[in-house]
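Protein chains: 2
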Amino acid sequence: MSEHQHDEFSIIDQLFKPLAGLAKEARGLIDDVAVIAADSHHDLVISTDAMVAGIHFFENDPLDLVARKLMRVNLSDIIAKGAIPYGYTLVTAWPRGTTYSEKQDFVRGLKIEQDRFGLDLFGGDTVSTYGPLHVSMTIFGRVPPGRALSRLGARPGDKLLVSGYIGQGYLGLKALQGEFLGVTHADENDIISAYHLPEIRPDLAVCVRDHARASMDISDGLLADADHMARANKIMIRIDLNKVPTSLAARTAMGAGLSPVELVTGGDDYQILCAADDAGARALVMSGFYEIGTCLGLSDDTPAGAELWADGRRIDVATKGYSHPL
Amino acid sequence: MSEHQHDEFSIIDQLFKPLAGLAKEARGLIDDVAVIAADSHHDLVISTDAMVAGIHFFENDPLDLVARKLMRVNLSDIIAKGAIPYGYTLVTAWPRGTTYSEKQDFVRGLKIEQDRFGLDLFGGDTVSTYGPLHVSMTIFGRVPPGRALSRLGARPGDKLLVSGYIGQGYLGLKALQGEFLGVTHADENDIISAYHLPEIRPDLAVCVRDHARASMDISDGLLADADHMARANKIMIRIDLNKVPTSLAARTAMGAGLSPVELVTGGDDYQILCAADDAGARALVMSGFYEIGTCLGLSDDTPAGAELWADGRRIDVATKGYSHPL
Numbered sequence: 001m002s003e004h005q006h007d008e009f010s011i012i013d014q015l016f017k018p019l020a021g022l023a024k025e026a027r028g029l030i031d032d033v034a035v036i037a038a039d040s041h042h043d044l045v046i047s048t049d050a051m052v053a054g055i056h057f058f059e060n061d062p063l064d065l066v067a068r069k070l071m072r073v074n075l076s077d078i079i080a081k082g083a084i085p086y087g088y089t090l091v092t093a094w095p096r097g098t099t100y101s102e103k104q105d106f107v108r109g110l111k112i113e114q115d116r117f118g119l120d121l122f123g124g125d126t127v128s129t130y131g132p133l134h135v136s137m138t139i140f141g142r143v144p145p146g147r148a149l150s151r152l153g154a155r156p157g158d159k160l161l162v163s164g165y166i167g168q169g170y171l172g173l174k175a176l177q178g179e180f181l182g183v184t185h186a187d188e189n190d191i192i193s194a195y196h197l198p199e200i201r202p203d204l205a206v207c208v209r210d211h212a213r214a215s216m217d218i219s220d221g222l223l224a225d226a227d228h229m230a231r232a233n234k235i236m237i238r239i240d241l242n243k244v245p246t247s248l249a250a251r252t253a254m255g256a257g258l259s260p261v262e263l264v265t266g267g268d269d270y271q272i273l274c275a276a277d278d279a280g281a282r283a284l285v286m287s288g289f290y291e292i293g294t295c296l297g298l299s300d301d302t303p304a305g306a307e308l309w310a311d312g313r314r315i316d317v318a319t320k321g322y323s324h325p326l
Numbered sequence: 001m002s003e004h005q006h007d008e009f010s011i012i013d014q015l016f017k018p019l020a021g022l023a024k025e026a027r028g029l030i031d032d033v034a035v036i037a038a039d040s041h042h043d044l045v046i047s048t049d050a051m052v053a054g055i056h057f058f059e060n061d062p063l064d065l066v067a068r069k070l071m072r073v074n075l076s077d078i079i080a081k082g083a084i085p086y087g088y089t090l091v092t093a094w095p096r097g098t099t100y101s102e103k104q105d106f107v108r109g110l111k112i113e114q115d116r117f118g119l120d121l122f123g124g125d126t127v128s129t130y131g132p133l134h135v136s137m138t139i140f141g142r143v144p145p146g147r148a149l150s151r152l153g154a155r156p157g158d159k160l161l162v163s164g165y166i167g168q169g170y171l172g173l174k175a176l177q178g179e180f181l182g183v184t185h186a187d188e189n190d191i192i193s194a195y196h197l198p199e200i201r202p203d204l205a206v207c208v209r210d211h212a213r214a215s216m217d218i219s220d221g222l223l224a225d226a227d228h229m230a231r232a233n234k235i236m237i238r239i240d241l242n243k244v245p246t247s248l249a250a251r252t253a254m255g256a257g258l259s260p261v262e263l264v265t266g267g268d269d270y271q272i273l274c275a276a277d278d279a280g281a282r283a284l285v286m287s288g289f290y291e292i293g294t295c296l297g298l299s300d301d302t303p304a305g306a307e308l309w310a311d312g313r314r315i316d317v318a319t320k321g322y323s324h325p326l
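In order, the protein sequences belong to chains A and W. Counting with our numbering, you get residues 1 to 326 for the letters of the first sequence. Counting with our numbering, you get residues 1 to 326 for the letters of the second sequence.
None of these hints come from the bench; they were simulated from the model. Quick caveat: nothing in here was measured; it's all calculated off a predicted structure. Errors might be hidden in some of the hints.
One copy or two, either will do: identical chains are not told apart, so a pair holds if it fits within one copy or between any two.
[To be verified] Below, a list of computed lysine-lysine pairs in the DSSO-like style, where the Cα atoms sit at most 30 Å apart:
#, residue 1, residue 2
1, Lys234, Lys174
2, Lys17, Lys111
3, Lys24, Lys243
4, Lys174, Lys243
5, Lys111, Lys243
6, Lys103, Lys24
Can you make the complete structure from the sequences, with help from the hints?
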């Protein structure tokens with residue numbers, strides 16, 4: 001089950017977890033995905049994401065981009081678990097006054113992404129609403145039996161890795177909000193594009209499945225999601241801020257005054273965050289992953305969690321991740 | 001894929017069907033459910049339903065009842081396909097100002113139904129919205145391989161059957177809207193309860209799977225859904241209005257002036273509608289189904305569709321089913 005708001009964590013913990021009971025498919029609702037044992041060749045990995053206009057995207061965003069982001073955000077969970085996506089169901093609640101042409105735009109966006117990533121629409125529901133546009137998608141992916149990765153499994157001594165640049169989506173959001181970042185026009189296009197269409201790498205699914213011990217996608221921000229991973233595994237994760245990969249645009253923006261801490265707490269990354277032993281980490285780095293930190297055991301009085309370090313010192317961070325405004 | 005509004009039919013036909021392509025899981029999006037081949041013992045039957053406050057339920061309906069109806073409406077699809085439900089995923093978009101206690105009510109409703117029907121929560125997403133409450137659920141059911149029923153498969157000569165009283169939910173809605181029906185207080189409680197909590201019969205899943213050739217649940221109204229079945233099978237379905245089973249409350253309301261046509265076009269029944277050959281029909285009647293009509297071949301100039309007959313004459317019906325108000 002996904003967690004999009006800080007106070008939603010307690011809703012999931014207190015209200016929804018009892019509904020999952022001991023069902024192995026639910027993974028205790030801590031792992032973004034459900035896993036259903038299917039046949040002798042596959043388990044099904046299932047991820048659901050909902051997006052609401054005015055909360056998860058701008059009211060006037062073109063609907064083809066909304067559709068494409070919905071699919072990518074959701075694919076991100078599937079890929080991070082080492083699964084290969086192949087189909088999806090869709091729920092759309094259209095506000096009154098949505099035109100046929102706007103619905104066509106939305107469908108065109110879906111078509112682009114499903115052709116690119118090899119999915120078909122399996123079903124769903126389409127309704128009307130008096131409120132803002134609400135879209136949600138459930139993606140089905142396949143892994144060999146028992147091989148779906150979880151955020152559980154990281155151990156003290158493991159390396160922490162990410163699949164690509166951190167902060168691109170956050171910078172894109174800042175650019176869309178008109179904030180001065182000092183970047184070139186081309187870089188601005190790149191970061192806005194990263195916000196609308198996060199980069200998704202299905203080619204990494206098998207690699208991460210073969211070499212990582214624990215894996216999840218980064219949606220709430222690198223530090224917040226590392227914190228979730230650390231707590232789930234009852235370990236400490238130490239991130240070296242100087243090793244976090246950033247684009248030229250991000251470094252330019254930092255030169256213009258943007259705090260590097262903002263980049264690792266901003267959210268909307270949709271990169272893979274994983275933990276691996278030394279051999280696994282070497283293989284992942286060979287595939288383009290970046291090693292950014294270490295998993296540590298807990299000493300007597302340290303609680304589980306993720307810390308940000310730079311130049312041998314711990315950085316005090318007020319807010320670990322992004323909360324949606326509501 | 002479900003169809004909740006008349007103009008949504010064309011949206012599904014024109015926009016969504018191309019996204020399903022030839023994926024066998026999608027069943028051409030005409031069958032309310034998706035079917036995923038799982039293992040040598042099971043196929044997965046998957047049904048998704050969305051409900052929006054102000055459209056599918058009243059804004060001030062208690063949230064435990066909303067949760068319970070959401071699950072039953074969705075179970076209805078699974079049962080009608082001959083599948084045994086066992087888990088679900090959930091999307092909730094809470095309006096601002098929803099209290100923790102209201103969320104508890106919603107979860108309490110889910111708990112009652114999942115315990116009753118043997119389901120566990122597998123996952124989902126929970127977000128906030130500036131609009132009305134939006135809830136959607138995807139239920140997973142299992143059938144033996146290749147045995148999931150479809151609305152396709154009815155043939156000329158088959159009997160048409162329903163699993164129980166028609167019009168109970170519609171009458172409940174009328175009662176809630178303050179309409180005079182002339183029924184007793186006890187009957188009024190029954191029909192209002194049928195509207196909030198349609199009767200779901202998982203015990204009929206195996207029976208319908210063993211004896212029906214085509215099956216679907218009734219959500220848009222008996223006549224409208226029989227019409228869908230007829231068109232999908234390119235046949236004529238003739239319903240004998242005098243054979244449609246109705247409760248004492250319904251007969252009282254008809255005595256007070258309610259048209260019987262309203263009952264078969266009102267919607268919100270969630271009974272099983274199925275077609276079976278003579279032997280199958282006999283078995284289904286033994287299990288409590290009611291035989292209400294016949295499947296006929298098309299002559300040269302009659303289009304596929306369902307007709308309502310009574311006393312040897314065809315009844316002209318202006319509107320075949322319910323459209324949600326938007």
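Hints, verified against the model:
Proximity of Lys234 to Lys174 under the C-alpha cut-off of 30 Å is found in neither arrangement, the shortest distances being 34 Å within a copy and 56 Å between copies. In this assembly of identical chains, the alpha carbons of Lys17 and Lys111 lie at most 30 Å apart only when taken from different copies (11 Å versus 35 Å within one copy). Neither within a single protomer nor between protomers do Lys24 and Lys243 lie at most 30 Å apart by alpha-carbon distance, with minima of 36 Å and 46 Å respectively. For a Cα distance limit of 30 Å, the shortest separation of Lys174 from Lys243 inside one copy, 23 Å, qualifies, whereas the shortest one across copies, 65 Å, does not.
Taking the closest pair of Cα atoms, Lys111 and Lys243 never come within 30 Å of each other, the shortest separation being 37 Å inside a single copy and 46 Å across copies. Taking CA atoms no more than 30 Å apart as the test, Lys103 paired with Lys24 passes between copies only; the shortest distance there is 24 Å, against 38 Å inside one copy.
Against the hints set out earlier in the document, violations occur for numbers 1, 3 and 5.
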